Every structure is written in structure tokens, then in C-alpha cells.
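**Student:** Chain residues, written in single-letter form:
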Amino acid sequence: MGEVGLNAYLMVGAVLFVCGVVCMATKRNGIGILMGVELVLNGANVNFVAFSRYTPLGLDGQTTALFVVVLAAAEAAVALAIALNFYNNHLTIDVDSGNELHG
Amino acid sequence: MIEQLLFWVFAVLACGGAIAVVATQNVVRMAFWLVVSLGSVAALFFLLQADFLGAAQLLIYVGGTVVLLVFGVMLTASGPYTQIRTSPAEVIVGAAVGMLLLFVLVSSIGKVDWDEIADRLPATPAAPVNVDAAQWQKAGDQPAGSSASQVALGVQEQQGRTVRQLGLSFLGLRPDRNLVEGGAHGLAPGYLLPFEIISIHLLVVLIGAAYLARAKRRVVSEESPELS
Chain X
111 MGEVGLNAYL MVGAVLFVCG VVCMATKRNG IGILMGVELV LNGANVNFVA FSRYTPLGLD
171 GQTTALFVVV LAAAEAAVAL AIALNFYNNH LTIDVDSGNE LHG
Chain G
328 MIEQLLFWVF AVLACGGAIA VVATQNVVRM AFWLVVSLGS VAALFFLLQA DFLGAAQLLI
388 YVGGTVVLLV FGVMLTASGP YTQIRTSPAE VIVGAAVGML LLFVLVSSIG KVDWDEIADR
448 LPATPAAPVN VDAAQWQKAG DQPAGSSASQ VALGVQEQQG RTVRQLGLSF LGLRPDRNLV
508 EGGAHGLAPG YLLPFEIISI HLLVVLIGAA YLARAKRRVV SEESPELS
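In order, the protein sequences belong to chains X and G.
Our numbering numbers the first residue of the first sequence as 111 and each following residue consecutively.
Our numbering numbers the first residue of the second sequence as 328 and each following residue consecutively.
Bound conformation, chain G alone (with noise of 0.2 Å):
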């Protein structure tokens, strides 16, 4: 019941959010509302049960990102209130293609049914969060017997605990696939060459921003004052 609370409080802030974006013409407006549009998503992710991956939105996105759109703001507004309006006419025109969009996308939503595609899938652990959670207790302090209360435990451990399962998976290891099936699938790649690749990738980027949005200092020479 709370989870529904809190599902469609966080689920109306972030549509909210994102259409009060397009409705504003002051930039720094949408920045706040872009805050409250990512904040909200990012507690979407923590009602999912993916607590990693909402904690890194909220650090990456909402701390890192907006900040760096704000920076821009700044760095490009020629007045204290610029705005740079949009016609009308392309305000309803917009509108009108974006309905239409959102139809199509509901409507057809709407007609698949998820869980036959669901069944189609190769086979997985219905439950993988559980088997870090067992084998922690199997070595760990809680001395053994009373399968039920490890039951229950292992119930009350599949919300989120997804921090070693992400690192394992990025260094290429997969405990969710691996360990319960008993190879039954083979050994499932994990991801530590697209982890690589993206660490270039990122570094490669960030060297390439720091080239392209250097300051350009204007050569004034003594000799040639026409050129510069």
C-alpha cells in the first residue's frame, strides 16, 4: 500500500517535472524542474529495487550533470533574464506532435502483454538477490538451522542489495547466473569489456571537452594589428 503511495506521488512529480521542462522558457527554471523531474525518477529506481543504480543517478545526475547545465547557463546568458522565446504556432505544433507521440506510445503499450514475452526468455533465477544473501548467512555469524527465519531473511533480503552483483557483473563475473543453476546455462558473460570500453570512453571524452571549451586567449601582435 505504501509502495503504491509512494509510486504515484514519485510517478506524478516526474511527469510533472518533465512537462513543466517544456512549458518553461526560463532556463534556470528548467534546470530546477529537470532537479525535481531526475530526483523523483531516481526514487523510482529505489522503489525498483535497484538502490545502486538510484543512488548513481542521484550522484551523477543530480549532482554532477544539472550542475554542469547550470555552469552553462551561466557561462552563456548575455542578460540577467534572457529568454529566448518560442512562436506560438511551434508551441502548438509541438503539443500537438507530442500527443500524438504519447498516443502511440500508450496504445501500443497497452496492447503487449508482457508476461507472455516474459515466459519466452530463456529461464532465469526468479530470485538471484537471494543467493548473496544465503551464502552470506551460510558463513557469516547467524549460526545455522531454522530454515524458516532464513527464508523469511532471504524474502526480506531481495529488496535491493545489488552493490556486489553490479561490481562482480562489471568485473566480468555474473554470481546471479552462475552460482545457481550450476552451469546449467554455461558460464554467463559478464561486462568487463563494455566496463573497459566505457572507461576510455569516458576518459577520451572528458579530455576532449577540456580541449574543445578552452579559453581561446585573441593573439595581439605588435606588428600586425589587422590580423589577430
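Only chain X is shown next, with the shape it has when bound in the complex (with noise of 0.2 Å):
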């Protein structure tokens, strides 16, 4: 087993991304997908934060990591509430059943 090398940490960044994608394109439930972006936001950070440590790039890596969490706390209080507001509207959660595209 040799050192930890930055090609280690962007594997997991792959896998994490991925999952993410998959995760985004089979779930019908709304919140399963805010998982699934969840999941791609943090393969990216992974991605930053090793690239931080392993390249002279220095802080800035992880600065874009801060940003990005922000980001996507963020992301997900605005498409929760879209979500309740779909809820309100169709009684499910399914996003198959919204496909009127008014109220």
C-alpha cells in the first residue's frame, strides 16, 4: 500500500459525483433528488480540497470549498421550500406529477 496520492481522493470525488448524477436521474421523489445534488456538490469539494493539498494552488482551494457549501445550504432551503409549495399544490412528492407547468 503506497502513500495517499491526490489520484486516491479524486477517485472518491468520481464515485461521489456519480452517485450524485445517478441519484439525480432515477429517483422520482423531489427530496431523493436535493440528495443527489447534495452528493455532486460534495464530490466537487472533494475534488477542490485535494488539489489544495497535493498542488501549490494553497488556500485557495478550500476557499472555493467554503463558497460551495454556502452554496448549496442555500440551494437547499430555496428548493425545499419549492418543494412544500409542490406538496401544497399536487398532495405528492412525485415529481412525475408535475407536468402542467402552472400554479
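It cannot be assumed that every hint is accurate.
Covered by chain X, per the in silico footprint, the following chain G stretches (three or more residues, Cβ under 8 Å) [claimed, not checked]: (1) 342 to 351; (2) 377 to 385; (3) 412 to 420; (4) 424 to 435; (5) 488 to 500; (6) 518 to 526; (7) 530 to 536.
Estimated spans, in silico, between C-beta atoms of each pair [to be verified]: (8) X:E210 <-> G:I329: 54 to 62 Å; (9) X:A135 <-> G:R356: 18 to 26 Å; (10) G:D440 <-> X:A135: 26 to 34 Å; (11) G:K438 <-> X:V178: 24 to 32 Å.
Bear in mind the hints are in silico, worked out from the structure with no lab data behind them.
Note that this is a predicted model, so its numbers are computed, not measured.
We put the beta carbon where it would ideally sit given N, CA and C, even for glycine.
Now that you have both chains on their own, put them together as the hints suggest.
**Tutor:** This is the structure we're talking about:
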């Protein structure tokens, strides 16, 4: 077992990204889609911090990752509000029923 | 050695949690596996010497966002065991597409020589965290002298301790760039403007979310009950 390098962390980030994309594409529950988005953002964050550690980028990667964390929190709040409105109007959270494009 | 062991444990936990999020149909169990995955990612951040970022990940993601998602599950569930099924054909197609995407990503990661690309970047101080520790030591309690111990302590202090530097970079200062080279790069810009923009953005987003999610009262008037 050699030294843990940059590639190992990039592999973890790739797995998280792919799981998030598949989760977004296959789940029919609105909350599940939000969880997929969180997984994608976490995969990107792992890449940012790994590059910040193993390349001379220094602190830039960690700062960008902090911005991504804050943006993910804001996105979750707004998307959850939209999901609650959707549930109020359709009495279900199944995204396949949202095919009317009104109210 | 212990670092490699911890890396493999937390990498397997993070990837397994993510795969379990995809594979589970129950939403509450998905939230649990998401907690496992995000917590393991926070541990990976600690292993990458990003101590403040790992703590922020634990606080904001695991403590905030997932709780928000669980509240969303509670407020939108129409039955106690609500499961919205995905058809098996879609599962097979999704798994195949995911495998292909993972293969593309992994093969392209393996092809690139990251060290050669990192050499092309403009040279920056190799150990930026050392500056903080050295100046702290110079002004601090430890008596001067014994440079060997200071070097050893600098190597020790390189593990983590990014809180002050992150805070200063959000204030528009870059102590890791500006103090080391003596301004050879000119003044490196900090992150004051993005910090302000994201602060206003977060405020606007929270006000908008509260406006969107407010309880709508059905107006039932006496004279026109057919409207409402």
C-alpha cells in the first residue's frame, strides 16, 4: 500500500459525483433529487480540497470549497421551499406529476 | 500508515454511503446514508489538513442541510411508509449510464499527470502555513534559539491550522502569499468581494425561501363561498 496520493482522492470525488448524478436521474421523489445534488456538490468539494493539498494552489481550493458549502445550503433551502409548495399543490412529492406548468 | 488506514476506511464509507443513497428507496434511510457519506467526506477533509473546512462540513451539512431535508421528508410524506418506486428498467439503465460515466472519469483521471501540470502553475510558497506558526513563535512565549526545534515545530504546525488564514483571506488579505515572497507576486487579492456577494446572496435566498414556504391561508368568505 503506497502513499495516499492525489489520484485516490480524485477517485472518491468521481464516485460521489457519479452517485449524485444517477440519484438525480433515477429518483422520482423530490427530496431524493435534492440529496443527489448534495452528493454532486460534495464530490466537487473533495476535488477542490485535494487539489488545494497536493498542488501549490494553497488556500484557494479551501476557500472555494467553503463558498460551495454555503451555496449548497442556500440551494437546499430554496429547493425545499419549492418542494413544499409542490406538495401543497399536488398532494404528492412525485416529480412525475409535475407536468402541468401552472400554479 | 495510520493515515492510509484512515483514508481507506473513510473513502470506503463515503463511497458506500453514496451508493446506498442511490440504491435505497426509502427516503428516511436515504437521509441516514447521506449523513454517513457526508460525515466521511468531512473526515477526508480532516485528513487533507483542511481542519476548518471539515468542521464547517460537519456543522453546516450534517447538522443543518440534512436536518432540513429530513424536515422536508416529514412535511411532505403522505403515509408512514411512503415509497415512490422507480421501475426496474430505469434502474438498469441508470446503473449502466452511471458505470459508463464512472469509467470515463476514472480513466481520464488516471491519464493525466497531475505533477507535471502543477509544475506549470506559478510558484507559490510550498508551506504557507509555516509563516503563521513562525511569526507566532517569534513574537510568542518560546525563547529564541534552538532553530532545529523551531523547524520541527514548523513541520508539526503544518498540519491544519487554516482558520486564521481563511479568516484573513475572507477579509481581503492573503498572508500565505504576501508575507512569504516579500511581495514578489505583487499583492495577491483576497476574497473580500466574493465573501460580501455570498453573504447578500445567502440573506436574499433565506428571505425568498421563507416567502415561498409560508403557510397559505385559504380565504373562505361568507358572501362568495364558491370562490375561495
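**Student:** So, for every hint listed, does it hold in this structure?
**Tutor:** Now for the hints, and whether the structure bears them out:
1. 342 to 351: With 5 residues closer than 8 Å to chain X, the stretch 342 to 351 of chain G meets the three-residue bar; holds.
2. 377 to 385: n = 5 at 8 Å, threshold three: holds.
3. 412 to 420: The restraint on the stretch 412 to 420 of chain G holds, since 4 of its residues have a Cβ under 8 Å from chain X and three suffice.
4. 424 to 435: holds (count 6)
5. 488 to 500: That given contact holds, which follows from 5 residues of the stretch 488 to 500 of chain G lying within Cβ reach (below 8 Å) of chain X.
6. 518 to 526: Since three or more residues must qualify, the claim that chain X covers the stretch 518 to 526 of chain G holds, with 3 doing so at under 8 Å.
7. 530 to 536: holds (count 4)
8. X:E210 <-> G:I329: 54 to 62 Å: 57 Å, holds
9. X:A135 <-> G:R356: 18 to 26 Å: 20 Å, holds
10. G:D440 <-> X:A135: 26 to 34 Å: 32 Å, holds
11. G:K438 <-> X:V178: 24 to 32 Å: Holds, since K438 (chain G) and V178 (chain X) (Cβ atoms, about 26 Å apart) stay within the stated range.
Every hint from the earlier list agrees with this structure, and none is contradicted.
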